[in-house]
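Add chain B to chain A, keeping to what the hints say.
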Amino acid sequence: MATIDIFPLTLSLKTATIATVFVFTVAVILAYYFARFDFPGKSVFEALFLLPLILPPTVVGFGLLYLFGQTGPIGRLLDSLFHIQIVFTWYGVLIAAIVVSFPLMYQSAVAAFSQFDRTLEQAARTLGKTHWQVFWTISFPLAWPGLLAGTVLTFARALGEFGATLMIAGYIPKVTETIPLAIYFAVETGNFTVAQFWVVLIVVIGFAATLWLNWWSKRTVMKHRR
Amino acid sequence: MLHVQMKKQLHHFTLDVAFSVRRELTCLFGPSGSGKTTILHCIAGLTSIDSGEIRLHDKWLTRGKKQLVPIEQRRIGYVFQDFALFPHKTVRENITYAMRDEKKTFALIDTLQISHLLERYPHEISGGEKQRVALIRALATKPTLLLLDEPFTALDKKTKQASIVELKRIHREWDIPILFVTHDQTEVEKLADRTIFIETGKIKNVT
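Protein sequence lines, in the order shown, are assigned to chains A and B.
For the first sequence, counting from 1, position 155 maps to 155 in our numbering; every step adds exactly one.
For the second sequence, counting from 1, position 129 maps to 355 in our numbering; every step adds exactly one.
Just chain A, with the same shape it has in the complex (with noise of 0.2 angstroms):
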């Protein structure tokens, strides 16, 4: 049996990472005004974040290579600026999780705090306490719950992205190779072994995180019912 390399199981689990960790900050925050603030365009902007949930991924691939090719604005900018290149980079890599896995992550914090009575972040600022303080010790806290169901898809959807990281990182052994993508080209060069120990470990993540979750959801749930 040939021996696996594990680079591909390190680049997965260091994109999905640092990718659950930026959408989940960004998502929180625009989830958070747009469950509770009524802007004009607001439902235009909200058809956007989940824009990449419903397109193919190689149109979300497609889209994010015209941004961030050499001729494209945000890539020319970000070559003048810093020299950085993204096209066929582990950058690419990460831009590609990010952007296929934000549109879950926002769903479910959206929900998350909409699902508990706006009464309670009333009560607590006559209660003396500040937006900020009421976020922290109230919604927060409320949400959480849901805020960490959509964790959980986000770091599953990170890990598993391959059209669009395909489309804009490209296959690179040890530079863009994540798991999915050694998967895809374990079997297309006839490695069966190789691509079974990713598919396997790959089910088995998945697996365990969702069972985690549950069991975790019904036990926070329980603590707390109303």
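Everything labelled a hint here was simulated from the structure, so no lab data went into it.
Fair warning: this is a prediction, and the values are worked out from it, not measured in the lab.
Treat each hint with caution, since some may be false.
Claimed, not checked - Covered stretches of chain A, going by a simulated chain B footprint (3 or more residues, C-beta under 8 angstroms): (1) 110 to 122; (2) 136 to 146.
To be verified - If the Cβ cut is set under 10 angstroms, some of the chain B residues that face chain A in the computed set are: (3) Pro257; (4) Gly259; (5) Phe309; (6) His314; (7) Ala324; (8) Arg326; (9) Ala364; (10) Leu373.
Where a beta carbon is used, it is the ideal one built from N, C-alpha and C, also for glycine.
Quick look at chain B alone, frame taken from chain A:
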């Protein structure tokens, strides 16, 4: 002393009222949907008014559309209709969430007989107990005015009787103006020093 003179356009009518509350138990009485809760919201700063002014103990809280004092600095205790206890915090954590006067608060916990409930979560206590916890939580912040929105509606007859007696005693001991909203004539008769009768956003009668 609280002075309210405000106008606010609601869905079906304009809320247009002017009244004062001294150190007494004042009742905003009227049928459901007559704008009573909105008045409490405006006083607490949770909703803005279209025009007019709200003053508490000679301090401007709201003038026209402008909120001069933010909600958290108004020192107004608010007991919400469904009590709005934080479901993820125990009774103790709810009460001490913004407590200013520990001694007086724990004395009140004893008086209202909820010491044995301190480690429970809101979903583990009864409606009457929730109401007492919400009342203590509001008073723990040492408010200079107390607002109560239909505080007895969710309670059964016996609990309601006891709560009315308790509220009267608290009013005597804490000596702050209390403004409470109700649509129940018997509550008015048993509790109110003064009653402001409201219908479709206008004051019809003050007794």
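Hint-by-hint comparison with the structure:
1. With a threshold of 8 angstroms between beta carbons, the proposed coverage of the region 110 to 122 of chain A by chain B holds, since 5 of its residues qualify and at least three are required.
2. Check on the region 136 to 146 of chain A: 4 of its residues sit with their Cβ under 8 angstroms from a Cβ of chain B, so the three-residue criterion for coverage holds.
3. This hint is violated: Pro257 (chain B) has a C-beta 22 angstroms from the nearest C-beta of chain A, more than the 10 angstroms allowed.
4. Using the Cβ-Cβ criterion of 10 angstroms, the hint placing Gly259 (chain B) at the interface with chain A is not satisfied: the shortest such distance is roughly 18 angstroms.
5. Taking 10 angstroms as the C-beta contact cut-off toward chain A, the hint placing Phe309 (chain B) at the interface holds, the least distance being around 9 angstroms.
6. Because the smallest distance between the Cβ of His314 (chain B) and any Cβ of chain A comes to about 5 angstroms, under 10 angstroms, the interface hint for this residue holds.
7. Interface hint at Ala324 (chain B): satisfied, since its Cβ lies 4 angstroms from the closest Cβ of chain A, which is below the 10 angstroms cut-off.
8. A least Cβ separation of about 8 angstroms between Arg326 (chain B) and chain A falls short of the 10 angstroms threshold, and the interface hint therefore holds.
9. Nearest Cβ of chain A to the Cβ of Ala364 (chain B): about 7 angstroms, under the 10 angstroms cut. The hint holds.
10. Interface restraint check: Leu373 (chain B) against chain A, minimum CB-CB distance 8 angstroms, threshold 10 angstroms, status holds.
The structure fails hints 3, 4 (numbered hints given earlier, in ascending order).
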